[in-house]
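Chains as they are written, first to last, in the working numbering: chain Y, 1 to 295; chain W, 296 to 725.
Read the hints as simulated data drawn from the structure, not as lab findings.
Given the structure is predicted, the values throughout are model-derived calculations rather than measurements.
Ideal placement from N, C-alpha and C gives every residue a C-beta, glycine not left out.
It is possible that some hints are incorrect.
With a straight-line Cα cutoff of 16 Å, these simulated EDC-like cross-link-like pairs (lysine to aspartate or glutamate) come out [claimed, not checked]:
{"id": "1", "chain 1": "W", "residue 1": "601", "chain 2": "W", "residue 2": "674"}
{"id": "2", "chain 1": "W", "residue 1": "644", "chain 2": "W", "residue 2": "664"}
{"id": "3", "chain 1": "W", "residue 1": "615", "chain 2": "Y", "residue 2": "45"}
{"id": "4", "chain 1": "W", "residue 1": "565", "chain 2": "W", "residue 2": "470"}
{"id": "5", "chain 1": "W", "residue 1": "615", "chain 2": "W", "residue 2": "361"}
{"id": "6", "chain 1": "W", "residue 1": "644", "chain 2": "W", "residue 2": "369"}
{"id": "7", "chain 1": "W", "residue 1": "544", "chain 2": "W", "residue 2": "485"}
{"id": "8", "chain 1": "Y", "residue 1": "139", "chain 2": "W", "residue 2": "494"}
{"id": "9", "chain 1": "Y", "residue 1": "148", "chain 2": "W", "residue 2": "492"}
{"id": "10", "chain 1": "Y", "residue 1": "148", "chain 2": "W", "residue 2": "494"}
{"id": "11", "chain 1": "W", "residue 1": "386", "chain 2": "W", "residue 2": "361"}
{"id": "12", "chain 1": "W", "residue 1": "589", "chain 2": "W", "residue 2": "494"}
Some residues of chain W that are not near chain Y, with every Cβ distance over 12 Å (derived) [as the list claims (entries may be wrong)]:
{"id": "13", "residue": "359"}
{"id": "14", "residue": "369"}
{"id": "15", "residue": "372"}
{"id": "16", "residue": "426"}
{"id": "17", "residue": "438"}
{"id": "18", "residue": "451"}
{"id": "19", "residue": "489"}
{"id": "20", "residue": "523"}
{"id": "21", "residue": "563"}
{"id": "22", "residue": "664"}
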Amino acid sequence: MRSKRKAAPWLHMIPAFLLIGAIIIFPIVYTAYISFTNMNLFHWDDYSFIGLNNYVRALFKVDTGFLSAIGVTLIWTVLNMGIQVALAFFIALGLNARGLKLARFYKTLLMFPWAMPAYVSILLWKVGIYNSEFGLANKLLGLFGIDKINYLSRNVPAFISCMVLNLWMALPFMIMTFDGALQSIDKSYYESAKMDGAGFWVSTLKITVPGVRPVMTPAVIMTTFTTFKQFDIIYLLTQQKGSLSGATLQTVITYAHQNAFVSNNYGLSAAVSMIIFVLIIAFSLFMNRGLKEEA
Amino acid sequence: MKRILSGILCGALITGLFGGCGGETGNVGANAVGTAKNESAADTAEEETQPKGEAQVIRIWHDGDEAIMETIAEEVNSILEDDMVSVQFEKKTGLTDQLQLYGTDEVNGPDMYFYAHDSLGTFAELGILAPITDLITEKDEGYLLPMTVEAGTYQGIQYMLPVYYETLLFIYNQDLWEGEIPDTTDGLYDYMTAHTDTEAGTYAVLNQHSTAYNVAPFINGFGGYIINENAKPGLNDAATIEAITYNQKFAALQADGDYNTINTLFLEQKAAAIIGGPWLISGINEAGIRYGIKSLSEFTLPNGEKLAPYSGIQGVGVLKYAAENKKDAVSKVLLALCDESVGVALAQKANCAPANQQSYADTDVVDNEMIMAMRETAETAQPMPNIPEMSVMWGPTESLLAAVNKSGEDVQTAAETYQKEAETAIADMH
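With the hints as constraints, model all of the structure from the sequences given.
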């Protein structure tokens, strides 16, 4: 009877295990298996086990291009997160200012970029804002008699353009999270501080920042993670097949994509995927640890 | 009761989960084009077992224009009406990936596919294709343009039957172009310099100046190459560099060279001419532009050679298992596709340039300015390389063109950089 009771939860979990096994575990295990073979276009059916060869080749790719991609990724992550958190914090403060009319309307408007599919947003910006002939950015410059700029043809302007778009797309989430966190702070703290003569900066630093910190930490960590592995914006704005912009910006993920996934060499691509997989798992474990410490 | 319910739900979940792994029979989706009477391909595995009175359906996967496939299906099915064979086109997005997955799967895969010739080497290396010459004779294809047959041949074996082809054309707005169209590229450049105002956003001639396909007329014309038949990249070849350098001055007068940008500029009548393919024509007609066409092979380069664009040949390939098990029906379909009436129908209804030279005897075809321009271009056009290595050459080539035309990098330095990138990409394939 006792053993039946012990077995029952496991039996109930079998469908979930099967589902997880089929859609998560199996692809990972199969990718790992392929990574040890020479499966490619020229060995489609007759592939064989080649040991760690693909891993050696994948790691050999850690060349100057890869190192520069790591550098770009780090700068991208730090700048985006820094600006994002600061901007979102002050916008959220503004939205919570006393006496602000139509606050809900503004909040709804601010949610708009987040609600749009990323692919659509990116292409809209590419054509509607950054296009050298029809884009809003150049139209505005034209009003002031300034020459047209190709925003995506060189690395620095392209990096800034990608960052502006990333901020536009990511800010709503951060603003809304800050907004929620701000509303959870007891207003009586501010009244007491005011009576004690504290100004805006003192209340912000001594009450608001500590007050929002427990809510914001997980949000910031999660966003850091998604910013680090950002692919769509840089790829679609500058590297889309058939419409390369001229910029050669590479993050770790776009670099891996360019070097491993266009060759029809499934063994090598699988090895690169496994290395990225391990790196991401290590990164998330590190982040989770940070979260626990914060808690 | 709860236990029974949870048991049923678990059962349903497991059944649903593994249901997707089951074999797919009679895969006739909403995208199927044709007049098939028999909907199950699995049922037609052995033609000898066909019940009398039912047409044997040959399923053809494609990733192209539905209207073109419908035209082919109508024509072929009408030719094969008495043979009790019919074709049915099914659209499959990402056809290359689909054929990699289903190319050896007789139950779920197609009997034939319809696609551009530049992927031929990839499919041939996968070992999924049967030689066309096992199914029809050389005499049956005697009227096909040699350039198109060459495009369908990989390592000496013909795996694709060409049906129609496309090349780039010089399309101009008759209301905007002033005077005669020059016969030389230098003359064209002079016209561009005199009639382009980049700040005002008005242009003389537009081209996708950083797209490999669109710069190929210059590269080929100068005697350069993107990749040769031995899979050697030619980005740092002296003639390629000369061509890219020559194209650079044109690029400076051609906006950002992006497909959407230049197409919109031409449709908004802010450009007098565009170098583009027949796929632009429907949009140009909709915009009400009175257009004229000139073959690119009518333009002479400074070295005395003509512009030589790539040609893209569209045709059918036969999957090995279909060639083995449905040889008779597949042969009949191939013979029907060789008929000049298919080419005429494609020209009349879809503005396609037929691969069959006999189709050009038709007055409607002869009167079609665009098709005749492509026919003329076929004389200098070079089929895009069909070796598998070409698939990794687009990236480095376009990176090189973008670096030179958009980022202002030195041609020689960039050519060396992207030559190395191309060599690495090719090495990575093995």
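Of the numbered hints stated previously, which ones are contradicted by the structure, given in increasing order?
When the structure is compared with the hints, numbers 5, 12 and 21 turn out to be violated.
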